[in-house]
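Student: Build the full structure now, drawing on both the sequences and the hints.
From first to last, the protein sequence lines stand for chains C and V.
Going by my numbering, the first residue of the first sequence is number 2, and it counts up by one from there.
Going by my numbering, the first residue of the second sequence is number 178, and it counts up by one from there.
Please keep in mind that the hints were generated in silico from the structure rather than gathered at the bench.
In this text, a Cβ means the ideal position worked out from N, Cα and C, and glycines have one as well.
Check the hints yourself; a few may be wrong.
[Claimed, not checked] Per label pair, the in silico range of CB-to-CB distance:
| id | chain 1 | residue 1 | chain 2 | residue 2 | range |
| --- | --- | --- | --- | --- | --- |
| 1 | C | 25 | V | 300 | 52 to 62 Å |
| 2 | V | 300 | C | 21 | 47 to 57 Å |
| 3 | C | 23 | V | 253 | 19 to 29 Å |
| 4 | C | 36 | V | 184 | 50 to 60 Å |
| 5 | V | 309 | C | 71 | 47 to 57 Å |
| 6 | C | 43 | V | 304 | 42 to 52 Å |
| 7 | V | 252 | C | 20 | 17 to 27 Å |
[As the list claims (entries may be wrong)] Stretches of chain C that chain V covers, calculated by requiring three or more beta carbons in the stretch to come under 8 Å of a beta carbon on chain V:
| id | stretch |
| --- | --- |
| 8 | 36 to 48 |
| 9 | 76 to 83 |
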Amino acid sequence: MVMVKVFGYLIDIVGWTNKSIDVKNSIKLYDLLEAILRDNDLRRILQLVNDGQVKILSNGVEIKLNDWVFPSDEIAIIPLPSGG
Amino acid sequence: MSSSICIDPPPFLERECFQGRIIDGLSYEQLFLTLEWLSKTTASEGSGGLSVFMGFVKGVIENSKVLKLIYTSYEPYASIMLDKIAKSYSLNPNLYGVIILHTNGVALPGSPTLFVAVSGKTRKDSLDVVKEVVERVKKEPPIFKLEVREDGEYWILGDGKRVARPK
Numbered sequence: 002m003v004m005v006k007v008f009g010y011l012i013d014i015v016g017w018t019n020k021s022i023d024v025k026n027s028i029k030l031y032d033l034l035e036a037i038l039r040d041n042d043l044r045r046i047l048q049l050v051n052d053g054q055v056k057i058l059s060n061g062v063e064i065k066l067n068d069w070v071f072p073s074d075e076i077a078i079i080p081l082p083s084g085g
Numbered sequence: 178m179s180s181s182i183c184i185d186p187p188p189f190l191e192r193e194c195f196q197g198r199i200i201d202g203l204s205y206e207q208l209f210l211t212l213e214w215l216s217k218t219t220a221s222e223g224s225g226g227l228s229v230f231m232g233f234v235k236g237v238i239e240n241s242k243v244l245k246l247i248y249t250s251y252e253p254y255a256s257i258m259l260d261k262i263a264k265s266y267s268l269n270p271n272l273y274g275v276i277i278l279h280t281n282g283v284a285l286p287g288s289p290t291l292f293v294a295v296s297g298k299t300r301k302d303s304l305d306v307v308k309e310v311v312e313r314v315k316k317e318p319p320i321f322k323l324e325v326r327e328d329g330e331y332w333i334l335g336d337g338k339r340v341a342r343p344k
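Tutor: This is the structure in structure tokens:
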């Protein structure tokens, strides 16, 4: 099972804060996103990643769309931080 | 750095001179306890002053009354990053301690959001580091802020850009 968490205004784009997806073996991040996001949302998120406005983390470390995701990984899709 | 300092911290802190963490509902009482503890514990090493930054929730933004801010942190990574920022100064021989506390959850106008306290050999040492730490906290840890105002709700991006939530 892979847990996917979403933060900030991205919640309003995808319509949820977290989802878990059953992953038996490894899966590419892009394929994982394609499985859990609606087409329009996927396109928008990918554009934001491309523009440097969004990062995707696996277990706290930034990963790329071509990287592998493994069962029990936690994925976070995060916008620019706004601490302080 | 002597291992005999930074002992007996308040219950919400670790026994370390350089540390950072997220605290749910950060309170003024916790800040005062931190100030007192850091002052007394680093005085024994020769420190004579703390430089402090405290951020708090504004009551008015863009002519609209602020009802509250809601902070969400991606834990444990937000606390890990705050701690990493504080510890990145631990090898500076002119510093005795750096404490970074950031709130999480609902914060009302006037209540503290970010607290940075630096104990150093000189005023210049500690003032320069406080400024640097505040800038890093605004950019590095995964902390996110929703502004709830009379005229609507706004996600804050980076250092000031706002995205209105759909009504």
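Student: Next step is simple, just say for each hint if it's right about the structure.
Tutor: Here is how each hint holds up against the structure:
1. 25(C) x 300(V): 52 to 62 Å: Between residue 25(C) and residue 300(V), where Cβ atoms are some 60 Å apart, the hint holds.
2. 300(V) x 21(C): 47 to 57 Å: holds (51 Å)
3. 23(C) x 253(V): 19 to 29 Å: holds (25 Å)
4. 36(C) x 184(V): 50 to 60 Å: This hint holds: roughly 51 Å between Cβ atoms.
5. 309(V) x 71(C): 47 to 57 Å: violated (37 Å)
6. 43(C) x 304(V): 42 to 52 Å: holds (47 Å)
7. 252(V) x 20(C): 17 to 27 Å: For residue 252(V) and residue 20(C) the Cβ distance comes to about 18 Å; the hint holds.
8. 36 to 48: violated (count 0)
9. 76 to 83: holds (count 6)
Of the numbered hints given earlier, the model fails hints 5, 8; all others are met.
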